[in-house]
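Protein chains in written order, with my numbering: chain R, 1 to 342; chain H, 1 to 342; chain B, 1 to 342; chain S, 1 to 342.
In case anyone wonders, no lab produced these hints; they're calculated from the structure.
Any given hint could be a false lead.
Computed cross-link-like contacts, EDC-like style, restricted to lysine to aspartate or glutamate with a CA-CA straight-line distance of at most 16 Å [claimed, not checked]: (1) R:LYS65 / H:ASP247; (2) S:LYS309 / B:ASP48; (3) H:LYS155 / H:GLU180; (4) S:LYS309 / B:ASP49.
Number of protein chains: 4
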Amino acid sequence: MIIVMQFGAPQEQIDSVCAVIKERGFEPLVMPGEDRMAIGVPASLSPDDRIFLEAAIGSLEGVSKVTQTSSPYKLASIEFHRSRTSVQAKSATVGPGSFSVMAGPCSVESYDQFKKAAEVVKKSGASILRGGAFKPRTSPYSFQGLQEEGLKIIKQVGDEMGLATVSEVMSADMVTLVGEYVDILQIGARSMQNFPLLIEAGKSGKPVFLKRGPSATIDEFLLAAEYVLSQGNPNVILCERGVMPLDRSYTRNTLDLAAVPVLKEHSHLPVIVDPSHGTGVARYVVPMAKAAMVAGADGVMVEMHPDPKHALSDGSQALDVSGFERLMSDLKALAPAAGTRL
Amino acid sequence: MIIVMQFGAPQEQIDSVCAVIKERGFEPLVMPGEDRMAIGVPASLSPDDRIFLEAAIGSLEGVSKVTQTSSPYKLASIEFHRSRTSVQAKSATVGPGSFSVMAGPCSVESYDQFKKAAEVVKKSGASILRGGAFKPRTSPYSFQGLQEEGLKIIKQVGDEMGLATVSEVMSADMVTLVGEYVDILQIGARSMQNFPLLIEAGKSGKPVFLKRGPSATIDEFLLAAEYVLSQGNPNVILCERGVMPLDRSYTRNTLDLAAVPVLKEHSHLPVIVDPSHGTGVARYVVPMAKAAMVAGADGVMVEMHPDPKHALSDGSQALDVSGFERLMSDLKALAPAAGTRL
Amino acid sequence: MIIVMQFGAPQEQIDSVCAVIKERGFEPLVMPGEDRMAIGVPASLSPDDRIFLEAAIGSLEGVSKVTQTSSPYKLASIEFHRSRTSVQAKSATVGPGSFSVMAGPCSVESYDQFKKAAEVVKKSGASILRGGAFKPRTSPYSFQGLQEEGLKIIKQVGDEMGLATVSEVMSADMVTLVGEYVDILQIGARSMQNFPLLIEAGKSGKPVFLKRGPSATIDEFLLAAEYVLSQGNPNVILCERGVMPLDRSYTRNTLDLAAVPVLKEHSHLPVIVDPSHGTGVARYVVPMAKAAMVAGADGVMVEMHPDPKHALSDGSQALDVSGFERLMSDLKALAPAAGTRL
Amino acid sequence: MIIVMQFGAPQEQIDSVCAVIKERGFEPLVMPGEDRMAIGVPASLSPDDRIFLEAAIGSLEGVSKVTQTSSPYKLASIEFHRSRTSVQAKSATVGPGSFSVMAGPCSVESYDQFKKAAEVVKKSGASILRGGAFKPRTSPYSFQGLQEEGLKIIKQVGDEMGLATVSEVMSADMVTLVGEYVDILQIGARSMQNFPLLIEAGKSGKPVFLKRGPSATIDEFLLAAEYVLSQGNPNVILCERGVMPLDRSYTRNTLDLAAVPVLKEHSHLPVIVDPSHGTGVARYVVPMAKAAMVAGADGVMVEMHPDPKHALSDGSQALDVSGFERLMSDLKALAPAAGTRL
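Isolated chain R (complex conformation) (with noise of 0.2 Å):
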């Protein structure tokens, strides 16, 4: 931790600041900057210590700032956890060396319509297959899901075919009849600090498929995950789905793509791209999951309905069933140029 002075803050303002730093158990270390004092703690603190000085000299007179030097997360950091982590879900891997796709419709709407989807991403080669039971609406009025009866068919369907599944699970005490019924919990993106749901989703030891929040910071994601991690639960997946947009007349979200290389490098968790939230927009879905892999995603999740027309949630961004094979068919072509394989 390191405290700035104000300009010509007095001697008795840096005494005031040794002080709490001291009646905590530390020695302080004053160090004449350019134009203004700086005040080290060289000492390795635990997070109270550091939540307490934090609060204690911030609102000292002569402060200017108080800046950590250590990382806020420590679980998803790579500077502590050297070996990447892949997540196994039924037989589907994410992580390191493959290029995962999680791909299915919005809303799952019928056994019909959800068996129809799972045909199409099993033959293309997809390995996780994607369905909204509980959907987070913006709007009371907008269909809110089959609920439980939507995990049912999720269940029969993943069997069925043999595919691993993901959804999403809204509230914490969901949590275990979600978790009967789907491989990966899915915690989306205005979720992201729910934090009792992060803690109970930590509890039940299952995958996590974490989406990042239209406004987190990347250190407010990466303590979103090191909830889920500090419950004992090592099996998160990080997603990258667009964040807050200048203006949303041409896209519902900005893909923050440079998120992925810095995520990589900052954490060992996989990272997964979802272009058709990141977008909003079918026809910008293909460009950006190539775009993802060669950026160095793990994989990407795509929303795809037999019938986008007729979709009962975010119909405009679901590819069909032919965008969807072309997307596999571009990204099967690239994965050799791009390191990696599907």
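Based on the hints, put chains H, B and S in the right spot on chain R.
Just chains H, B and S, lined up with the frame of chain R:
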């Protein structure tokens, strides 16, 4: 609903759009535009109709954009509820005609700390006592609140002082528990789109203090309120608490004060401003609270701690006792010129 | 300057950083941190030293981040210029002790229109007359202003009414021309980082009204002011006019009112708020102007048009005559409680 | 143009809107909507008509919003110019069919430095040499470039190596000067809405390399291009270089890669991506350049410095020689799978 076609869209594409509209039972109105055609659906559409048509038409070739002409929220809209709403909690009323101050520490830390804060609040004439028992914290290693023990302290102190109380509830399954101890359920910014929580808070019938999410548009915010209202609970208080900042060097968020007149123009619900989280800096709380008053807000929520330097959370944005007393005296002096009263 | 190393950076990487610092003539101070090393440069660095070291060290292996401890701006900083600046233009003074109102139409359209506006401005007690002659317009097909003809009208009307005038200058080579006709040179939000223009405006010695860019941080804003100041021109007025909005449905920008106390805390320059561009909606101008006053601004700039419905630009955000008169009367009523005067 | 009325707007308000439309010479079309009225103007409007009507109607009572149905840009739009544009500079062609690499140091620092960079660029097969002579720098105390001396070096080296050159011009009055020395005029992100500069660059007839502003919407970006095009200069190259970031801890900007397919869908102009400024970190340049290629960009601009640790500006984002050679070899390997060639 108005559909704008791409420039030069041929007649058969226009016909396709019209066919979808007719299939759903409505009569399209084709309108030549400046350099392209527009197609209106001049009818009263149910939410399901609207969603269906938007998805079905949005993915057709030749369609440039689909615009909704009606407001997505109804119960929250002043268009359909011309008189302004007041929300009652114990003896406190939040709404037009007076300016409510909700104050207290970020976290309840002990009976003594909270009682001391409550005495300052009461003495100063503020009407509602706030305090966090369940704390949403970005890091799993930060203090998470006293939890149910904190709720008991809130209830005891609230009863002793005759003050209405507000505290955050973080998940749907905790609504009943928290509702037994406090008068107003707070839904935090990060939970604004926790839809199961909104629904459960709606079912409880208790006053709901709903904070705007850091990247929420006005429509998303009012739709979150609509979730609560649609459960038959009219007691919703809106809270602007700052949106995602341009940079984080000087303030923690960007307080969007113009949201006050915007929300007042479009909704009948009371609007509170939280300058503590909105800026993250105790020194800016007083000017921003005063600005909120003259901008037409129905009140403010501020963090006040008897000893901010030793607060377990958010110490740098909490007012101390004398800072809070100055806030109250400034607000009282300003109230007549602002056309309100404390 | 403080350099934070990556966790586990080996001694040779630390040595490399120290070598660069020594090569430049400074003595590094190595400081063990919580879980990594930090290296300070405890010396007074020239700007060139700082830039050199930042680039040279920033690209070394093992370096996590390089933090400047000193403020990047000097002349604009209150740390080095403890008394607040007032800017004089004709008989008008902008700065502490009074609240300045700058008003007039977005564009000068004719002598009659501008004269009529000026009469309203004068009568109401506002001190500075604004009007655009050269108009920065997003589209090349929009009205671009009366140009030099407009400047002549501004000068004539300003002289006739005894009002100081302000008008925008869009490029360095126009500074002399515009400066011959108006009392205060306005540099628009989109020109905030037009560095040749800033330098030329600095050289002119004339009062400069500098608007914050829509995505400018506080540091970038004050560094833009620093460009003007560094040419020996102390007459800079800062203007907060709204930053990039979350969505554009209800307001054109997000007025960042907390920038007022932030700027006042870090700079000695006067701060004006522009609620017309800050919201883009005439109905929100009055509440936001009042909020600016109580937040500590030194004044407001507002658009007023004798006939907004027939304005050639920005009609939807301009107050009409009665709206402007209400604004002035509201501000006068509020001034005593806000501790200022009009 | 479509005007949507507020819910319950009485007939006289609808009549007022129609009266304005008729007064301007058009026939309004009143259309009952879902729960409110909409009024269309089914006619081909001139830009002046559009601006007039928008302002005149936007401020009428009862009007909820005014929507333009036509694209605000024409010459930049692919709707009116169906074949894609290629821009020629010396022997280099930027446009469909090949992937252009523009490379060189941020700043020209000396003949030797620039010549060395040019040799690397030439040898690797890149076609365009970049280098800054006039540098827009956030701080007045940063290195401002070698100015005209730098231009002379650029010209000399470009001639010696037979490479087309690109360099930034910062103001309208410098267009002629810079145009004498370089083949392509760069307009930087901070100048994207420097309208006098856009007009002058348009008049020059020279190829213009136009960078997107950090907070510019797609429409604003294409309207900036429209300024150049409207002067009769068809040689505009668009450049996505990152938009304002959510946070600045890990990248300098957020590279909006989906802007590539968006721009390609709406405009015929070539689109280049700048991953150096787009991320601000040399390590992320290679993955983002490859992502740009597969996303459909016509090329990339990257910063390369023979000795980045001693660069006078932006050293931390510049590739060194071996990094640049790896970039070129990666791009060449990827080109066939991406359907392009270097």
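Now for the hints, and whether the structure bears them out:
no., hint, in the structure
1, R:LYS65 / H:ASP247, "holds, 15 Å"
2, S:LYS309 / B:ASP48, "holds, 15 Å"
3, H:LYS155 / H:GLU180, "holds, 9 Å"
4, S:LYS309 / B:ASP49, "holds, 14 Å"
When held up to the earlier numbered hints, the structure conflicts with none and fits them all.
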